[in-house]
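These are the residues of each chain, in order.
There are 2 protein chains.
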Amino acid sequence: MTGEDIMGFVAGALVTFSLVPQIIRVFTLKSAREISMLFTGLMLAGILMWLGYGIFKSLFPVILWNAIGALLVSMLLYAKLRYGR
Amino acid sequence: MTGEDIMGFVAGALVTFSLVPQIIRVFTLKSAREISMLFTGLMLAGILMWLGYGIFKSLFPVILWNAIGALLVSMLLYAKLRYGR
Numbered sequence: 150m151t152g153e154d155i156m157g158f159v160a161g162a163l164v165t166f167s168l169v170p171q172i173i174r175v176f177t178l179k180s181a182r183e184i185s186m187l188f189t190g191l192m193l194a195g196i197l198m199w200l201g202y203g204i205f206k207s208l209f210p211v212i213l214w215n216a217i218g219a220l221l222v223s224m225l226l227y228a229k230l231r232y233g234r
Numbered sequence: 150m151t152g153e154d155i156m157g158f159v160a161g162a163l164v165t166f167s168l169v170p171q172i173i174r175v176f177t178l179k180s181a182r183e184i185s186m187l188f189t190g191l192m193l194a195g196i197l198m199w200l201g202y203g204i205f206k207s208l209f210p211v212i213l214w215n216a217i218g219a220l221l222v223s224m225l226l227y228a229k230l231r232y233g234r
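One line per chain: the protein sequences are A and B, in this order.
Per our numbering, the very first residue in the first sequence carries number 150; after that it's consecutive.
Per our numbering, the very first residue in the second sequence carries number 150; after that it's consecutive.
Treat the hints as calculated values from the structure; they're not laboratory data.
Misleading hints may appear alongside valid ones.
Pairs involving identical chains hold if they fit within one copy or between any two copies, as the list cannot separate such chains.
Computed cross-link-like contacts, EDC-like style, restricted to lysine to aspartate or glutamate with a CA-CA straight-line distance of at most 16 Å [stated by the list, open to error]:
(1) 179 to 153
(2) 229 to 183
(3) 229 to 154
(4) 179 to 154
(5) 206 to 183
(6) 229 to 153
(7) 206 to 153
Bear in mind that the values here come from a model prediction, so they are computed numbers and not experimental data.
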């Protein structure tokens, strides 16, 4: 792995796992009023498309980060449906 | 452009622009209590690393989406600093 590969790997990890504290915050507060439903829906749709793109092109890091990302955004969507409004 | 290229392009647009309704929501409510500071900070750090990766590797779509993304997450960070807590 080159330095650039490592940079891409760390960048993907940061962006994907940034969702974890957001999910924890919403579940801790038991409130997701400020979370935009459109944000959650568009993000999930985009991540699923990236996942499909990664599968078609056999790009392992794209598949990995977006599979984890899809799971995390689904949890945020669940929180929004449960605690939103 | 192949169908896969278009898929990657649309996927990037969806994920990046999903931030727009979230930013609008926080500014409309004038409240960002539920937005996690760690989410915003990690996301911004990750996007800036993707931007650097795109510049090093001369990947135009990576540069484009992450430059727009960095701008959008900065607006969310501003909202968090102004309306958070």
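| Homo-oligomer pair classification [residue 153, residue 179; C-alpha up to 16 Å] | neither (40 Å within a copy, 39 Å between copies)
| field | Status of residue 153 relative to residue 229 across identical chains (alpha carbons, at most 16 Å) | value | neither (36 Å within a copy, 31 Å between copies)
| task | Please work out whether the CA atoms of residue 229 and residue 183 approach to 16 Å or closer within one copy, between two copies, in both situations, or in neither? | result | Answer is both: 9 Å inside a copy and 11 Å across each meet the 16 Å cutoff.
| query | When no copy is specified for residue 206 and residue 153, does a C-alpha distance of 16 Å or less occur within a copy, between copies, both, or neither? | reply | So residue 206 and residue 153 pass the 16 Å test across copies only (8 Å; inside, 20 Å).
| Between residue 229 and residue 154, at a C-alpha cutoff of 16 Å, which is it: within one copy, between copies, both, or neither? | neither (35 Å within a copy, 32 Å between copies)
| query | With identical chains treated as interchangeable, where does the CA-CA distance between residue 179 and residue 154 reach 16 Å or less: within a copy, between copies, both, or neither? | reply | neither (38 Å within a copy, 40 Å between copies)
| task | Please work out whether the CA atoms of residue 206 and residue 183 approach to 16 Å or closer within one copy, between two copies, in both situations, or in neither? | result | neither (36 Å within a copy, 37 Å between copies)
In terms of the numbered hints stated before, the structure departs from hints 1, 3, 4, 5, 6, listed from lowest to highest.
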